[in-house]
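K.L.:
For the record, the sequence lines run as chains A and B.
Per the numbering used here, the first sequence runs over residues 1 to 247.
Per the numbering used here, the second sequence runs over residues 1 to 52.
These aren't lab readings, by the way, just hints derived from the structure by calculation.
Please note that the accuracy of each hint is not assured.
As the list claims (entries may be wrong) - If you want the ones that stay clear, here's a sample from chain A, every Cβ over 12 Å from chain B, calculated:
1. 59
2. 147
3. 153
4. 168
5. 178
6. 222
Said to hold, decoys possible - So the derived label-pair ranges between C-beta atoms look like this:
7. A:143 <-> B:34: 18 to 26 Å
8. B:10 <-> A:177: 33 to 41 Å
9. B:46 <-> A:156: 25 to 33 Å
10. A:167 <-> B:4: 48 to 56 Å
11. B:10 <-> A:200: 52 to 60 Å
12. B:46 <-> A:88: 23 to 31 Å
13. B:39 <-> A:154: 42 to 50 Å
What the hints assert, rightly or not - Residues from chain A that face chain B, not an exhaustive set, calculated with beta carbons under 7 Å:
14. 48
15. 50
16. 51
17. 54
18. 61
19. 156
20. 157
21. 185
22. 186
Note that CB positions come from ideal geometry on N, CA and C, so glycine has one too.
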Amino acid sequence: MSQSIRWFTFAAPSRFYALTAALNPWLWALAIGLAIAGLSIGFLVAPTDATQGDSYRIIFIHVPAAWMSMVLYLAMASWAALGWMFNARMASMLARALAPTGALFTFLALWTGSFWGKPTWGTWWVWDARLTSELILLFLYLGFIALQSAIDDVVRGDKAGAVLAIVGAVNVPIIYFSVKWWNTLHQGATISMTAAPKMAQTMLLAMLLMTLAFWAYAFAIVFTRAQALALERERDAEWVRVLRAKA
Amino acid sequence: MIWSSWSDFWHMGGYALYVWGAYAVCLAAMLAEPWLARRHRQRALRVPTHTE
Chain A
1 MSQSIRWFTF AAPSRFYALT AALNPWLWAL AIGLAIAGLS IGFLVAPTDA
51 TQGDSYRIIF IHVPAAWMSM VLYLAMASWA ALGWMFNARM ASMLARALAP
101 TGALFTFLAL WTGSFWGKPT WGTWWVWDAR LTSELILLFL YLGFIALQSA
151 IDDVVRGDKA GAVLAIVGAV NVPIIYFSVK WWNTLHQGAT ISMTAAPKMA
201 QTMLLAMLLM TLAFWAYAFA IVFTRAQALA LERERDAEWV RVLRAKA
Chain B
1 MIWSSWSDFW HMGGYALYVW GAYAVCLAAM LAEPWLARRH RQRALRVPTH
51 TE
């Protein structure tokens, strides 16, 4: 095999590494700055809710975590599918890098939801359509991680994971529309929260800032993990040798 | 300002366990994950995983 083809195949991960290495400090700074702004508004400016008291303040992490759990799943399934279709290795690595973060946000959505459910519904858990489909999402993430780590052959693992991720993607619209399709205990869309206009605005602002903070966090952490995977998979490539020599 | 004192703030209108229980786990997870991912990358940079 000629040297030029080898270089072509290794080009993408090396470029990815350089690009994300430059982006990551900014993403972390953004995540921290947005979180400080969001929490300051959420805890110091947003007033106590008339019906839920201060327990509603869990919303500032609960809703962003739940949104991220679904967005990251779709991103994971999309990258896995692209990696499978075009044999694009960096895409498959991104899919693998997304899974633990997606699983974590799913867990956090369930955990914070449970801590919100107890004071408002009187129960930590209920087998309601929204909660159950979100729990299934956690199992899909864990299944994806377990399946890929059980297969030693990296390319086969990528393909098997892609099949699971794509089939499981059907669960995401089920989660999203579960509060409409079934009569659930979980409340409907948060944006339509009925409160005095001014009150809703500061609550909404805090929630949106936290969502942006979680986005920045997700990008930074997924990039970091994808960098580690790229270094492992390309361990014999020149760019990795160079980085290793510098480390 | 909506809180009259620090203890008022920590008390969270009687929902301290639920609010701080949710936030503490979220914070712990979002500190642990970057730490683990960075360690993963550091190891990948240091150890040549197989020898030729």
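K.L.:
Against each hint, give a clear statement of whether it holds in the structure.
P.N.:
Quick rundown of the hints versus the structure:
no. : hint                       : verdict
1   : 59                         : 10 Å, violated
2   : 147                        : 20 Å, holds
3   : 153                        : 15 Å, holds
4   : 168                        : 22 Å, holds
5   : 178                        : 21 Å, holds
6   : 222                        : 9 Å, violated
7   : A:143 <-> B:34: 18 to 26 Å : 24 Å, holds
8   : B:10 <-> A:177: 33 to 41 Å : 38 Å, holds
9   : B:46 <-> A:156: 25 to 33 Å : 28 Å, holds
10  : A:167 <-> B:4: 48 to 56 Å  : 54 Å, holds
11  : B:10 <-> A:200: 52 to 60 Å : 26 Å, violated
12  : B:46 <-> A:88: 23 to 31 Å  : 28 Å, holds
13  : B:39 <-> A:154: 42 to 50 Å : 21 Å, violated
14  : 48                         : 6 Å, holds
15  : 50                         : 12 Å, violated
16  : 51                         : 12 Å, violated
17  : 54                         : 4 Å, holds
18  : 61                         : 5 Å, holds
19  : 156                        : 19 Å, violated
20  : 157                        : 16 Å, violated
21  : 185                        : 17 Å, violated
22  : 186                        : 16 Å, violated
The earlier numbered hints that this structure contradicts are 1, 6, 11, 13, 15, 16, 19, 20, 21 and 22.
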